[in-house]
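For the protein sequence lines, the chains are U and B, in the order given.
With this note's numbering, the residue at position 50 of the first sequence is 50, and numbering never jumps.
With this note's numbering, the residue at position 83 of the second sequence is 83, and numbering never jumps.
Among the hints, a few may not be true.
[Stated by the list, open to error] Non-contacting residues of chain B with respect to chain U, defined by C-beta distances greater than 10 Å in every case (computed):
| # | residue |
| --- | --- |
| 1 | Ser3 |
| 2 | Asn24 |
| 3 | Asn41 |
| 4 | Gln45 |
| 5 | Thr72 |
| 6 | Thr86 |
| 7 | Val112 |
[As the list claims (entries may be wrong)] Straight-line alpha carbon distances no greater than 25 Å define the calculated DSS-like cross-link-like pairs of lysine-lysine that follow:
| # | chain 1 | residue 1 | chain 2 | residue 2 |
| --- | --- | --- | --- | --- |
| 8 | B | Lys101 | B | Lys69 |
| 9 | B | Lys49 | B | Lys69 |
| 10 | B | Lys101 | U | Lys62 |
| 11 | B | Lys49 | U | Lys78 |
| 12 | B | Lys49 | B | Lys101 |
| 13 | U | Lys11 | U | Lys78 |
[To be verified] If you only want the chain U side, here are some residues facing chain B, beta carbon under 7 Å, derived:
| # | residue |
| --- | --- |
| 14 | Gly28 |
| 15 | Thr31 |
| 16 | Leu43 |
| 17 | Phe65 |
To be clear, the hints were calculated from the coordinates, so they are not data collected in a lab.
Even for Gly, the Cβ is constructed at its ideal location relative to N, Cα and C.
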Amino acid sequence: DARVTQTPRHKVTEMGQEVTMRCQPILGHNTVFWYRQTMMQGLELLAYFRNRAPLDDSGMPKDRFSAEMPDATLATLKIQPSEPRDSAVYFCASGLGHRTDTQYFGPGTRLTVL
Amino acid sequence: AQSVTQLDSQVPVFEEAPVELRCNYSSSVSVYLFWYVQYPNQGLQLLLKYLSGSTLVKGINGFEAEFNKSQTSFHLRKPSVHISDTAEYFCAVSSTGTASKLTFGTGTRLQVTL
Chain U
1 DARVTQTPRH KVTEMGQEVT MRCQPILGHN TVFWYRQTMM QGLELLAYFR NRAPLDDSGM
61 PKDRFSAEMP DATLATLKIQ PSEPRDSAVY FCASGLGHRT DTQYFGPGTR LTVL
Chain B
1 AQSVTQLDSQ VPVFEEAPVE LRCNYSSSVS VYLFWYVQYP NQGLQLLLKY LSGSTLVKGI
61 NGFEAEFNKS QTSFHLRKPS VHISDTAEYF CAVSSTGTAS KLTFGTGTRL QVTL
């Protein structure tokens, strides 16, 4: 049963520290999405990639967030420096890149910044 | 640009009762529509999607939705709910063009009680 995996599942850190979240998309999927979910804002799209190239990162605070795909099996989302307002659940999803396709979500990384 | 409105933030219902979760969308072009479900502490998973053809779409776990173009709606229904249906439900619309980005609604919390 192919699944999207995310690590770590939980992360508690102090303000100012660097945070790196990792995602392994389903093998064969060429599109990866990063979402952030909070009670106040709901589900927000931060960035997404197709064939490892960033297509849209307009939802991401550019000064502190960065997203990359070093290879087809790994996507990373980095926050440096982290702030308390970054506390949220971060989801990665992957798909085959067409408008009709299903997005397959990982279990999320719950980030708490103290 | 597309948008999705889920008017009900919470829907309480008794077990075995029918339920309808409302979703309205706004778009200047034809759309694809999706319902995703999020169980506690999990990522989202696809319930069903409307691409074309029959306006009544059947999904997993006994859910169905009806696409109504004139009313720009895509309401989700289930004739008899179970305790295990307690979850957050998200309606989403695909973006135009070649991208596979989804625009999500704010979600409806379905709370099923005995």
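Hints, verified against the model:
{"no.": "1", "hint": "Ser3", "in the structure": "holds, 13 Å"}
{"no.": "2", "hint": "Asn24", "in the structure": "holds, 16 Å"}
{"no.": "3", "hint": "Asn41", "in the structure": "violated, 8 Å"}
{"no.": "4", "hint": "Gln45", "in the structure": "violated, 7 Å"}
{"no.": "5", "hint": "Thr72", "in the structure": "holds, 18 Å"}
{"no.": "6", "hint": "Thr86", "in the structure": "holds, 18 Å"}
{"no.": "7", "hint": "Val112", "in the structure": "holds, 21 Å"}
{"no.": "8", "hint": "B/Lys101 to B/Lys69", "in the structure": "holds, 21 Å"}
{"no.": "9", "hint": "B/Lys49 to B/Lys69", "in the structure": "holds, 15 Å"}
{"no.": "10", "hint": "B/Lys101 to U/Lys62", "in the structure": "holds, 20 Å"}
{"no.": "11", "hint": "B/Lys49 to U/Lys78", "in the structure": "violated, 32 Å"}
{"no.": "12", "hint": "B/Lys49 to B/Lys101", "in the structure": "holds, 15 Å"}
{"no.": "13", "hint": "U/Lys11 to U/Lys78", "in the structure": "holds, 13 Å"}
{"no.": "14", "hint": "Gly28", "in the structure": "violated, 15 Å"}
{"no.": "15", "hint": "Thr31", "in the structure": "holds, 6 Å"}
{"no.": "16", "hint": "Leu43", "in the structure": "holds, 5 Å"}
{"no.": "17", "hint": "Phe65", "in the structure": "violated, 18 Å"}
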